[in-house]
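2 protein chains.
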Amino acid sequence: MKKDKGEFKVTPWEVSGNVDYDKLVKQFGTSLISDKIKKRLAKCHPLLRRGIYFSHREFDRWLDAYDKGKNVSVITGRGPSERMHIGHLVPFLVAKSLQDEFDCEVFIPISDDEKFYTKEGMTYEKVIAYAVDNIIDLIALGFKPGKTFIFEDFVYTEIYKYAARVAKRITYSTAKAAFGLTPEQNIGWSFYPAMQAAHILFPQFYRGKHVSVVPVAIDQDPFIRLTRDIAEHKDFDFEKPTALHAKFIPSLYGEAKMSSSGEGVINLTDTPQEVERKIRKYAFSGGRDTIEEHRKKGGNPDIDVSFQYLNMFFEPDDAKLKKIHDDYKSGKMLTSELKQILIDKINAFLKEHQKQREIAKKHFDKFLLKY
Amino acid sequence: MKKDKGEFKVTPWEVSGNVDYDKLVKQFGTSLISDKIKKRLAKCHPLLRRGIYFSHREFDRWLDAYDKGKNVSVITGRGPSERMHIGHLVPFLVAKSLQDEFDCEVFIPISDDEKFYTKEGMTYEKVIAYAVDNIIDLIALGFKPGKTFIFEDFVYTEIYKYAARVAKRITYSTAKAAFGLTPEQNIGWSFYPAMQAAHILFPQFYRGKHVSVVPVAIDQDPFIRLTRDIAEHKDFDFEKPTALHAKFIPSLYGEAKMSSSGEGVINLTDTPQEVERKIRKYAFSGGRDTIEEHRKKGGNPDIDVSFQYLNMFFEPDDAKLKKIHDDYKSGKMLTSELKQILIDKINAFLKEHQKQREIAKKHFDKFLLKY
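Chains as they are written, first to last, in our numbering: chain A, -9 to 361; chain B, -9 to 361.
The hints are simulated quantities; they were obtained by calculation from the structure and are not laboratory data.
Among these hints, one or two may not hold up.
If you want the footprint, here are the derived chain A segments under chain B, 3+ residues with CB under 8 Å [claimed, not checked]:
(1) 103 to 112
(2) 142 to 148
(3) 159 to 167
These figures come from a predicted structure and were not determined experimentally.
Ideal Cβ placement from N, Cα and C applies to all residues, glycine included.
All chains, please: the whole structure from these sequences, using the hints.
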């Protein structure tokens, strides 16, 4: 279907067109993050304080509960179908940042079952192996032991008890509408909506009624809505979970939504040489066609993927980021120089991450929920 | 729909008309139990050797495996939605008898999840309480500890791992056709076919590939067929489970299929007075209208529920049973005398059962699978 200029589509299964995030907030019925909330997040991760997380559902209620000394928590998960790349870290960097700032518990369900159900070639053994590998990456991010609970559906199967209680309150019709199910899909797939809602409600099943927040890309909001409806059912004595919504993170190529693995993403296991090669070759540039023209007219940091990655992930210092922005815009800084900054930053991050991965392997017991 | 004389219907959801069991065997594509097999079961429970279990799928393969010294097992379960009555015991009496005769392992899944999903008013707490109560009855039957494995889906949640592997191989279409699902039913309900098949395959998930047998009422055979198909999928290295099929057990009223609780059934917790009252008042009689006529023309043991209960459950001695049969048929024995024999037998059974129930409460750990 041909789209008019300015038309766009955002569903959990399709993102296309130029997304107008202000319009989306109205369409979805969410709220833009206010200046008041921004202030509270001023010391948080760049993803939170530089507007990549731009919308929310009742996150003010989460902050209010925190201010009143009540228990609050963060819940965000991962479907382990491949090794992780930097884009996959987005909600976890935010979860860790909220944990650091608000000293709260973080819950991380690993939906090995989802990937097993929805990917034909994904064997039971393979998905378990990916889960273990991904968990190493998550622990390596520096979550607090004793305050962070990671669990795999196929290991911490107690989750089935909670999913069952949710499943009773989701008809097949509802699941079909919300998750786009078809009759040819397997019945694990059609059960998974209950598991996903149980994940989002898990902090309350586990710790009792309290306000939790789900950092999530905006396209996943329909699942949050479904879960908020379930939380209100008289079967449960739950608070409605709140949400923080992110814009889409571009691939190196500058595509709207980073999703696939391969050359367009920086894997957490990439070597310094691989990182350098990928950034030099693929990172979409806001620079001019020639050095001469660039020096004269300057580059466009707003569309430059290297600058965006520094903004989102790798340059936490606001003054330094502003200087890079201004120097690139004025033409003082060349694309090759901007790329070099990003390459150095990513490689420093990955060097530390890969070191932390080795340590993380020994600390599974401090983080994994077991029966 | 009006049915012609001789017409009948048997599905997992409806049994009506006068069931012609020979026809049913042809319709379902099962096999009548042969004389050769009957011989092997000559020392087993009356249910097995008096033709109430009348049909099978490859039970000869189970016997062959046993003869070759291979591992064989029995699997039969219970959906705990009420306290148990005598009709509920049918497959368990058979499982115990096979265990006694062939010294094999018995697996007993308790599908608390099924009853939770399919009965609106059944709370999570209630279904767990029924499960515990029912398990007491099962242990009280005298299964061998160390060779008998009982598990509740909501307690031994590891079953979810196995159900997931089965679920991947059942489409919603297939489940809908086999289980009569509708879109208004909840997604726990539509997932349950996977759980049920996982139950039937559980002996092999747990112990590795071997031949197991499922004692089951004939109307449940469609589920066995579905599971046999799954067992053959290349995902698994499984033997196709075999089955033994029972005719329907009449209620006291003489209805074709005993299913509801209440006055038409003998509950395992009934007092001697309740048993006497129910049998005297409700047990459908094959006797004549007057004592005089009965003495002259004799009764009909074949339609008399008291005689059938003695035949199926309570008079293991063939010679004694024959004498009762002949005396009743000749008119020498009155209905009130026949009923008194049954009352005494049931009360002796229940007295012992209720004593064993008290002992059973202390032996959960010897039978229950835990994570």
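Results for each hint:
no.: 1; hint: 103 to 112; in the structure: holds (count 3)
no.: 2; hint: 142 to 148; in the structure: holds (count 4)
no.: 3; hint: 159 to 167; in the structure: holds (count 7)
Violated hints for the displayed structure: none, as all numbered hints are satisfied.
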